[in-house]
Amino acid sequence: MTGTEGTIMGEPVISLRQVTAELGARPVLRGIDLTVGRGEVVALLGANGSGKSTAVRTIIGQVPVTSGTVELFGTPRRSFRDWARVGYVPQRTTAAGGVPATVTEIVSSGRLARTRFGVFRRADREAVRGALELVGMADRAKDSVTALSGGQHQRVLIARALVAEPELLIMDEPMAGVDLASQEVLARTLEQQVAAGTTVLLVLHELGPLEPLIDRAVVLRDGCVLHDGPPPRAVGQHALPGHDHVHPHAPTGAEPIRTGLLS
Amino acid sequence: MEFLNYAFMQRALLAAVLVGITAPAVGIYLVQRRQALMGDGIGHVAMTGVGLGFLLSTSPVWMATAVSVVGAVLMELIRWYGRTRGDIALAMLFYGGMAGGVMLINLAPGGSNANLTSYLFGSLSTVSESDVTAICVLAAFVLLVTLGLRRQLFAVSQDEEFARVTGLPVRALNLLTAVTAAVTVTVAMRVVGLLLVSALMVVPVAAAQQLTRSFAATFAIAVALGVAVTVGGTVTSYYQDVPPGATIVLLTIAAFVALTAAATPLARRRARTAASARSAGDPAECSIPATRGAGDEAGV
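Read top to bottom, the protein sequences are chains Z and A. Taking numbering that gives the first Met the number 0, the leading residue of the first sequence gets 0, the next gets one more, and so forth. Taking numbering that gives the first Met the number 0, the leading residue of the second sequence gets 0, the next gets one more, and so forth.
Simulated from the structure, these hints should not be mistaken for laboratory data. No residue lacks a Cβ here, since even glycine has one placed at the ideal position from N, Cα and C. Treat each hint with caution, since some may be false.
What the hints assert, rightly or not - Here are the simulated SDA-like pairs of lysine to any residue, each with C-alpha atoms no more than 20 Å apart in a straight line:
hint, chain 1, residue 1, chain 2, residue 2
1, Z, 141, Z, 78
2, Z, 141, A, 166
3, Z, 141, A, 215
4, Z, 141, Z, 93
5, Z, 141, Z, 128
6, Z, 141, A, 80
7, Z, 141, Z, 120
8, Z, 141, A, 252
9, Z, 141, A, 211
10, Z, 141, Z, 96
11, Z, 141, A, 239
12, Z, 141, A, 131
13, Z, 141, A, 10
14, Z, 141, A, 72
15, Z, 141, Z, 122
16, Z, 141, A, 7
17, Z, 141, A, 254
18, Z, 141, A, 234
19, Z, 141, A, 125
20, Z, 141, A, 87
21, Z, 141, A, 69
22, Z, 141, Z, 123
23, Z, 141, A, 272
24, Z, 141, Z, 72
25, Z, 141, Z, 119
26, Z, 141, A, 262
27, Z, 141, Z, 115
28, Z, 141, A, 150
29, Z, 141, Z, 116
30, Z, 141, Z, 124
31, Z, 141, A, 6
32, Z, 141, Z, 129
To be verified - A few chain A positions that, by computed beta-carbon distances, are all more than 10 Å from chain Z:
hint, residue
33, 2
34, 4
35, 7
36, 8
37, 27
38, 35
39, 86
40, 94
Using the sequences and the accompanying hints, generate a full structural model.
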């Protein structure tokens, strides 16, 4: 361990210990440790195929783990039921399905965790309106999502995650395919959430406009944790710390971690 | 309106109305999940049920319901576990179901493929009293699910991964959708026939989409359209002595074509209004008329 635990505040909200996972027969995670404390903003970085999206998807239960433990709010993921505390923004280029749906309809589906049997009350409808205002999409509430730009889609997906008023926000590449205006809106929204005490785990390709918010960066490579500590301050792939920061979490017998620039 | 005096027409019209409501009500979730052809697969499997019904001299409707529910559950399980080989497994299920139906009906005492025709393409005069009872019970179940659980089914059909994180029982809801679709197939079997059921699940939804921006409106218009074409087709079939299933499906497709033609100017006007609203209210984006502009790539 490298002494980065000092940055973890309070009880862990997310805790992965020696997690391995496979897609098909290919090992994608080879024993990663990841802890996110309450109120922390952690960025999960790494090249394509490094396993960062898979790591997030083991947390939400979309990808089964082959060994190791995943805990949410101190509860093993399998027995975790309190999903209203978790907001999730999947990696999507579009929010549209096979049938037209309005912005309000999409965002409303994020509120189901807070309702009983899916019955909406006035507070739920107000929460939907509030979430749309947060991301600056209130004026598009009745529009079909197919009429939105890539950045606006992403704002809708974030509103859908925020509408349940979660304590933990998990976002997979929220800035991918997002225009500059929307990037600013998203960064501002996230800043408000963090200020209000929300814990955030972000999968990012590069730190970009979110850099000032991030407390800690975890860099994955070939399914292993390469770096866990303060975020690299320079922007861009080549500035990521891959030089001398070996983090030997891989189980014995796994491939040795090569150091060097992230490929 | 003299056709209302005949008991068989009253039964046929009641069945037609229920089919017109239930088929699009389930179909909209299948279309949303991009599984528009699932109904077609279930229809194939249901043939084995019809055959079994003849062979065992029980009601073909209930037997078809049982077999197609099993088939739909199998299809859903194949979707979970099958991954890459899933489509091959589905093909075997579909064609196995169809061949099984033909074989069983020929084995049945006094049975021939002639009995099967009314189930394949629908037939008005053969809707019996007990069929109507079965259709009413099954349609009530379908409506209860598709309306009562609309928010949950919408969420799961829109984005399965996200729905899981809202704590919804995704697998149970997927199974329920499959079972409901199977039940709908057997509801519609007597009126439009097993081979044409899927059209009534998909085409009214596709036609309604030409006019709508919201899921709720699409649902309402698809159901209204479904009822209009099933009743229209049934009455036409009575007067012109043409097969009801084919008449209904052709009417539905005609409605789709007409609505698509009518919607094109509507869509243009909407795009213009949206563009002008954007340039007035949000100067940051006024130079991006298309849904995705050059600015979208800037941050990648």
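Results for each hint:
1. For the hint pairing residue 141/Z with residue 78/Z, the CA-to-CA distance comes to about 37 Å; that exceeds 20 Å, so the pair is violated.
2. Between residue 141/Z and residue 166/A the CA atoms are separated by roughly 26 Å; this puts the pair beyond 20 Å, and the hint is violated.
3. The suggested pairing of residue 141/Z with residue 215/A holds, with an alpha-carbon distance near 12 Å, which does not exceed 20 Å.
4. Under the criterion of a C-alpha separation no larger than 20 Å, the hint pairing residue 141/Z with residue 93/Z is consistent with the structure, at around 17 Å.
5. Restraint check: the Cα-Cα separation between residue 141/Z and residue 128/Z comes to about 11 Å, which is no more than 20 Å; the hinted pair holds.
6. Taking the CA atoms of residue 141/Z and residue 80/A, the gap is near 38 Å; set against the 20 Å cutoff, the hint is violated.
7. At most 20 Å may separate the alpha-carbon atoms for a hinted pair to count; residue 141/Z and residue 120/Z meet this at roughly 19 Å.
8. Of the pairs offered as hints, the one joining residue 141/Z and residue 252/A is violated, with about 29 Å between alpha carbons and a cut-off of 20 Å exceeded.
9. Between residue 141/Z and residue 211/A the alpha-carbon distance is near 11 Å, which keeps this suggested pair within the 20 Å criterion.
10. Between residue 141/Z and residue 96/Z, the direct Cα distance comes to roughly 16 Å. Compliance with the 20 Å bound is thereby established for this hinted pair.
11. For the hint linking residue 141/Z to residue 239/A, the alpha-carbon distance of about 44 Å lies beyond 20 Å, and the restraint is violated.
12. About 41 Å separates the Cα atoms of residue 141/Z and residue 131/A, which puts this hinted pair outside 20 Å; it is violated.
13. About 41 Å separates the Cα atoms of residue 141/Z and residue 10/A, which puts this hinted pair outside 20 Å; it is violated.
14. The straight-line distance between the Cα atoms of residue 141/Z and residue 72/A is roughly 36 Å, outside the 20 Å bound, and the hint therefore fails.
15. Between residue 141/Z and residue 122/Z the alpha-carbon distance is near 19 Å, which keeps this suggested pair within the 20 Å criterion.
16. Proximity of residue 141/Z to residue 7/A is assessed by CA-CA distance (about 45 Å); at most 20 Å being required, the pair is judged violated.
17. At most 20 Å may separate the alpha-carbon atoms for a hinted pair to count; residue 141/Z and residue 254/A exceed this at roughly 26 Å.
18. For the given pair, residue 141/Z sits about 38 Å from residue 234/A by alpha-carbon distance, which is inconsistent with the 20 Å threshold.
19. A distance of roughly 46 Å separates the Cα atoms of residue 141/Z and residue 125/A; the hinted pair therefore is violated under the 20 Å criterion.
20. Distance check on the hinted pair: residue 141/Z and residue 87/A sit about 41 Å apart at the alpha-carbon level, beyond 20 Å; violated.
21. The straight-line distance between the Cα atoms of residue 141/Z and residue 69/A is roughly 40 Å, outside the 20 Å bound, and the hint therefore fails.
22. As the CA atoms of residue 141/Z and residue 123/Z are separated by approximately 17 Å, the hinted pair is consistent with the 20 Å bound.
23. Between residue 141/Z and residue 272/A, the direct Cα distance comes to roughly 14 Å. Compliance with the 20 Å bound is thereby established for this hinted pair.
24. Between residue 141/Z and residue 72/Z the CA atoms are separated by roughly 36 Å; this puts the pair beyond 20 Å, and the hint is violated.
25. Restraint check: the Cα-Cα separation between residue 141/Z and residue 119/Z comes to about 18 Å, which is no more than 20 Å; the hinted pair holds.
26. A threshold of 20 Å between alpha carbons decides the hint, and for residue 141/Z with residue 262/A the separation of about 19 Å falls inside it, so the pair holds.
27. In summary, the hint linking residue 141/Z to residue 115/Z is not supported, as the alpha carbons are separated by about 25 Å, beyond the 20 Å threshold.
28. Between residue 141/Z and residue 150/A the CA atoms are separated by roughly 17 Å; this keeps the pair inside 20 Å, and the hint holds.
29. Between residue 141/Z and residue 116/Z, the direct Cα distance comes to roughly 24 Å. Violation of the 20 Å bound is thereby established for this hinted pair.
30. Distance restraint check for residue 141/Z and residue 124/Z: the Cα-Cα separation of roughly 13 Å lies within the 20 Å cut-off, and the hinted pair is therefore satisfied.
31. For the hint pairing residue 141/Z with residue 6/A, the CA-to-CA distance comes to about 46 Å; that exceeds 20 Å, so the pair is violated.
32. With a C-alpha separation of about 14 Å, the suggested pairing of residue 141/Z with residue 129/Z holds against the 20 Å cut-off.
33. Against chain Z, the non-interface label of residue 2/A holds: every CB pair exceeds 10 Å, the least being about 35 Å.
34. Non-interface call for residue 4/A relative to chain Z: holds, since the shortest CB-CB distance, roughly 40 Å, exceeds 10 Å.
35. Residue placement check: residue 7/A keeps its beta carbon more than 10 Å from all beta carbons of chain Z (closest about 36 Å).
36. No Cβ of chain Z comes within 10 Å of the Cβ of residue 8/A; the nearest lies about 34 Å off, and the non-interface call holds.
37. Distance check on residue 27/A: its Cβ comes as close as 6 Å (rounded) to a Cβ of chain Z, failing to clear the 10 Å threshold; non-interface status is violated.
38. Not every beta carbon of chain Z lies more than 10 Å from that of residue 35/A, the smallest distance being close to 7 Å; the non-interface claim is violated.
39. Once the 10 Å rule is applied to beta carbons, residue 86/A is consistent with being away from chain Z; the minimum gap is 17 Å.
40. In this structure residue 94/A is separated from chain Z by more than 10 Å, as the shortest Cβ-Cβ distance comes to about 26 Å.
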